[in-house]
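The residues making up each chain are set out below.
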Amino acid sequence: MTRIVVSGLGVVSPYGVGVKTFWEGIAAGTCAIRPITLIETEGFRSRIAAEVPAPAVAGLDLSRRRSRADRVALAAAREAVADAHLTAQDRSVAALLVAAVGGGMLEGEAWYWEEARTGRRSPRIKALRSILPASHAETVGHCLGLGGPKETIIMACASGAASIALGADLIREGVVPLAVVGGVDVLTRICFMGFNALKLLDAEPCRPFDRDRRGMSIGEAAAFMVLEDAQRCRARGGPMYGEYLGAGMTTDAHHITAPHPVGDGMIRAMNLALDAAGVPASEIGYVNAHGTGTPQNDRVEALALSCVLGEGSVPVSSTKSMVGHTMAAAGTLEAIATVLALQHSLIPPTANLRNLDPEVPFDCVPEVARPASVEVALSNSFGFGGQNVSLVFRKG
Amino acid sequence: MGTVNASTVGGADAVAAALALGRTAIAPVRAFPLNGCRSHLGAEVEMSAVSALLNRDTDRRLSRICQLTVAACRLAALDSKITGGPHLGIVVGSEFGDLRSSEEFVAAFLRRGPAGLSPLIFPNTVMNAMAAAAAIALDARAASVTINQATIAGDLAVTRAAALVAGGYASTMIAGGVDELSAVLYRSLADLGALSPMQGGGTEGCRPYAPDHNGPVLGEGASFLVLEELGAAKARGATIHAEVKCGVWGNIPTAPHKAQPFRVDLHSPVRRFLEDLTPAHFGRCYGSGNGDPGVDDWEIALLHRDLPEASRRPGIRPPLSLAPQFGQHGGLGALRAAAAALDAARGMGPVLVHGIARGGCRIALLIELPR
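So the protein sequences, as listed, match chains A and B. Quick note on numbering: the working numbering labels position 43 of the first sequence as 43, and the sequence is numbered without any gaps. Quick note on numbering: the working numbering labels position 86 of the second sequence as 86, and the sequence is numbered without any gaps.
To be clear, the hints were calculated from the coordinates, so they are not data collected in a lab. Computed from a prediction, not measured in an experiment: that's the story for all the values here. Among the hints, erroneous ones may be present.
Covered stretches of chain B (in silico footprint by chain A; criterion: 3 or more residues with CB under 8 Å from a CB of chain A, positions within the stretch not fixed) [claimed, not checked]:
#1 2-13
#2 101-107
#3 256-269
Ideal Cβ positions, reconstructed from N, Cα and C, are used throughout, including at glycine.
Only chain A is shown next, with the shape it has when bound in the complex (with noise of 0.2 Å):
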């Protein structure tokens, strides 16, 4: 079978522009939720996200015609290329998958409140061009050269490790050889109300995995990796962050919002993937959890884990705990998360953690990261809709 490998990684976070800011963000435990500064928050519980900083975003070298969401998904995507050292050749046959939500509705629902409260037409309309979540895989697709099969992905919040699946199912398929994969996200009206609306927000930072934990925070982040054919990018001398592999994606045909109340979607999902990737339970080190800090999301997981690695068996984090809940991104920024801990030996922590729920009968590395030399790791991502994805690594 194809050995698949992470060649190339690109991040814009809540902590800035580039995998390096990113990855020192979370190995130093610091959180980057913060009051919210794009939208009106007025009249709302909650008022805090991880937004990309300002001077991050104005500090791209992209043009702001373009959607908030395609100028970090296009900044992301530009570094993971440049990481891998890819050629425009190697580019032209490059697949891309892009995971998304919220597309351009950030611009276009400054078209629709402006027109809603002016009753007038507003020049806002072109905004629209822009809205729906291809919108970054046709503005990425283009600007890299990327020339293989293009898809946007939308599975919610377990969008971005679906992104990652279907990718390297198309070079395992002999599709084509590497693959641009990731998810973008950034803030918008329509999810910051939504969330709150469903009372799934914590007014403070989120607490995954906490006794007291009382929901989520949410964050905006663009996150992409290269997968490639290993032989290919050992041959090409192309950097090896890590091997993918392998994959399960289930459905809970449950719930639209809530999870299955014993995990059933989570644990097939977890053993697929163990399954795909031909490793025992007992060899996995470290999982990256879903781990939103939602009083059902937590506990639920906890229980899938233990029925999938056994209680207590393994070092167990929620990077969400400082960036927020990045939604179609999250997925991929926590699979680099994961791969990142497997190449430095440090396992990420959950932050604000400070009374670890009964439940949740794992240690989940709180507050300040853990050295351990681990050789493979799970990221878990689920989502409305009942989506379960489960990714396997291995360093590299």
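Since the structure of chain A is provided, determine the placement of chain B on it from the hints.
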């Protein structure tokens, strides 16, 4: 197969009958007023025909587009006699998703502030809501994937589903596409000059590949096919309409939302696949032409370049378009694949489904009778 569209509602027999009839469902839009709008035509679904397919207890709270999806998926499941479980997955392609719910959600906030926000509507604003609703309705517990793509969303969903079956993610997939008409979507596209009559010129109408084509006409509906691993389908005695012999997709790097007929894909899997085809390999071709001059011309140029001999035959140059019958929507690509499967089943030889979208996504499917 199952479909809920402006022409018909039903399984394979209904699709075949509608295609044979060939009657256009495009007419002036009735669902919302279009005063002052430069476009007025659409292909609307009559919801009374859909209601009978919905479960009054479980489906009444679904958004309209989710209802369309669930109804069409149920028809497809009934048509193919498949059952739910961990072996069954779903791929949904959509161009626009549930913009009606997004607008409803935001409008309520603008009227009443935070107190107006509905936690029941919010999940519909995420584009995978249709796949989630269908997965719950059919107990589909393998992978469910939603793909956002202009013009060829349904074809891409069918192709991706075939790849998922081949990759072992599910032994059975329900795959297709869905979109619905809404006032905000229709008016916005018309204002942006994306609907016939584009740039305000000529008579409004859907005329793919014609010299006077001047833009697409929107339609709505959901259409889905059931794809299975061939051996498993034979083993359970399924009615096999046709086999997806090959499905490939690629990208011609092009500026977003642009159609650039001079752009070609030098290395794409689609080009490699088509270059290996000879006229003897297939009988006809369904294309994605929908009356958008840029896209129509691009498709003709690509087919001429990649299939120089075959492209001179009727039914290939220009390709057959279903857009004048059903209107442009996410389910149209699945109807193209369905039409190809029914043609193949009628002994018309292998049939090519080809598509190109603004922004450069390109697809090709070869559908034939299993050997």
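Verify the coverage statement for the stretch 256-269 of chain B against chain A, using a C-beta to C-beta distance below 8 Å and requiring 3 or more qualifying residues.
-> Our answer is that it holds, as 7 residues pass the Cβ test (under 8 Å) against chain A, meeting three.
Given as covered by chain A, does the stretch 2-13 of chain B meet the bar of three residues or more with CB within less than 8 Å?
-> violated (count 0)
Outcome, coverage of the stretch 101-107 of chain B by chain A - at least 3 residues whose beta-carbon is closer than 8 Å to one in that chain | holds (count 5)
When each numbered hint is compared with the structure, a violation occurs for hint 1 only.
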